[in-house]
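Work the whole structure out from these sequences, hints included.
Residue 96 in this note's numbering sits at position 88 of the sequence shown, with consecutive numbering throughout.
Just so you know, these hints were derived from the structure itself, not from any lab.
Accuracy of the hints is not assured; some may be wrong.
Okay, derived cross-link-like pairs now, DSSO-like style, lysine-lysine, Cα gap no bigger than 27 Å in a straight line [claimed, not checked]:
| hint | residue 1 | residue 2 |
| --- | --- | --- |
| 1 | K110 | K64 |
| 2 | K128 | K160 |
| 3 | K217 | K30 |
| 4 | K30 | K64 |
| 5 | K85 | K145 |
| 6 | K64 | K145 |
| 7 | K64 | K106 |
| 8 | K149 | K64 |
| 9 | K145 | K133 |
| 10 | K85 | K51 |
| 11 | K128 | K155 |
Label pairs and their in silico Cβ distance ranges [said to hold, decoys possible]:
| hint | residue 1 | residue 2 | range |
| --- | --- | --- | --- |
| 12 | R102 | H205 | 47 to 55 Å |
| 13 | S173 | D237 | 13 to 21 Å |
| 14 | D178 | K85 | 36 to 44 Å |
| 15 | D35 | N159 | 17 to 25 Å |
| 16 | E92 | H205 | 29 to 37 Å |
| 17 | D237 | D265 | 15 to 23 Å |
| 18 | F111 | S173 | 33 to 41 Å |
| 19 | S60 | D35 | 37 to 45 Å |
| 20 | N61 | N96 | 16 to 24 Å |
| 21 | E254 | F111 | 38 to 46 Å |
| 22 | S173 | C141 | 28 to 36 Å |
| 23 | S173 | K133 | 39 to 47 Å |
The structure presented is a predicted model; accordingly, all values stated were derived computationally and were not measured.
Positions of the beta carbon are idealized from the N, C-alpha and C atoms, including for glycine.
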Amino acid sequence: MNTYVMSDIHGCYDEFQQMLEKIHFSDRDLLICAGDYIDRGTKNYEMMSWISNATKNVIFVRGNHDEEFLTNICIMKYVCDEAELDENSIEDSRTLYKAVQKFAEQNNNVFFDYYGTIGKLINEKLVSFALLCDWAKIVEKMPYFYKIDINKRTCIVVHAGYIESLDHVDTEESYESVEDFYLHARDDAYMCGGVEHGMIIAGHTPTIKYEEFPYNNGNVYRMYDESLDCIFYDIDCGCVMGSVQENAKLACIRLEDEKIYYVRISDQVKSKEL
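In structure tokens, the structure reads:
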């Protein structure tokens, strides 16, 4: 059995499928995904449909974009129930979306469906609010991190960073809870996070951004903390930015031997042309 980890797919469904082919993913393997399955990319419907039908050997960890999707659906659910709209009706789903969007704009809430993903799912993919609620239930069950022991190391897959406690820790940013850290930590994930004799595999901060701590020209970033004997990996290589940044790609790591795999948007386009 092999254990693979991917992160920050962001609607890049074709690249995700090509990666599964590249690693020869089978029923004997385990795949752990470290969050952010939607937003920014173009195939959010395909990604969420795949997640809803995934086999038991795929673990989905929650990312901040997934949490935001869940929050947005909860807001819409409240309005839907109050207005007694039909969740299965596309027309009512459109009416619901417009009403919540207008309310958000009037109250200067720029965060509601910030990337327009929900709106596109309803208006372009004809996804009913009932189906969106089903997807939200899946997200609600996603853990904030996943632990697995491999090669005598405690491997923790988390979206942004892992810390055992925020008590007496001098972080650069402020966090409301450890869950907030799991979803949003950047530099703090490497400066304050980690676990003794462990390995942290995360994403969230693209390694294509020169100004960010884990910048590595679009390759997987690896850091070793000798004091903790902890290995850190950032496997978000900015795949969704592949159309505008040449070094962006989807990454995958096999935990047993730390082998790295890459898929670029150009790879996916070339495969279609053959």
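Results for each hint:
Between K110 and K64 the alpha-carbon distance is near 40 Å, which puts this suggested pair outside the 27 Å criterion. A threshold of 27 Å between alpha carbons decides the hint, and for K128 with K160 the separation of about 45 Å lies outside it, so the pair is violated. For the hint linking K217 to K30, the alpha-carbon distance of about 26 Å falls within 27 Å, and the restraint holds. With a C-alpha separation of about 20 Å, the suggested pair K30 and K64 falls inside the 27 Å cut-off, and the hint holds.
The hinted pair formed by K85 and K145 meets the criterion: a straight-line CA distance of about 12 Å does not exceed 27 Å. Distance check on the hinted pair: K64 and K145 sit about 17 Å apart at the alpha-carbon level, within 27 Å; holds. Between K64 and K106 the alpha-carbon distance is near 36 Å, which puts this suggested pair outside the 27 Å criterion. Restraint check for K149 and K64: the C-alpha separation of about 14 Å stays at or below 27 Å, so the hint holds.
For the proposed pair K145 and K133, the alpha carbon gap of about 20 Å is at most 27 Å, so the pair holds. In summary, the hint linking K85 to K51 is supported, as the alpha carbons are separated by about 24 Å, within the 27 Å threshold. Taken as a hint, the K128 and K155 pair is broken in the structure, with Cα atoms around 35 Å apart against an allowance of 27 Å. Roughly 53 Å separates the CB atoms of R102 and H205, a value that falls within the hinted 47 to 55 Å.
The supplied range of 13 to 21 Å is met by S173 and D237, whose beta-carbon atoms lie about 19 Å from each other. For the pair D178 and K85, the beta carbons lie near 39 Å from each other, so the given range of 36 to 44 Å is met. Separation of D35 from N159 is about 23 Å and conforms to the stated range, judged on CB atoms against 17 to 25 Å. Separation of E92 from H205 is about 56 Å and departs from the stated range, judged on CB atoms against 29 to 37 Å.
The hint said 15 to 23 Å for the Cβ distance between D237 and D265, and at roughly 19 Å that hint holds. A beta carbon spacing of about 38 Å between F111 and S173 agrees with the range 33 to 41 Å that was offered as a hint. In this structure the supplied range 37 to 45 Å is violated for S60 paired with D35, their Cβ-Cβ distance being about 18 Å. The supplied range of 16 to 24 Å is met by N61 and N96, whose beta-carbon atoms lie about 20 Å from each other.
Take E254 and F111: their Cβ atoms lie about 41 Å apart, and the range 38 to 46 Å holds. A hinted range of 28 to 36 Å holds for the C-beta pair S173 and C141, which are about 34 Å apart. Under the hint 39 to 47 Å, the C-beta atoms of S173 and K133, about 42 Å apart, fit the expected range.
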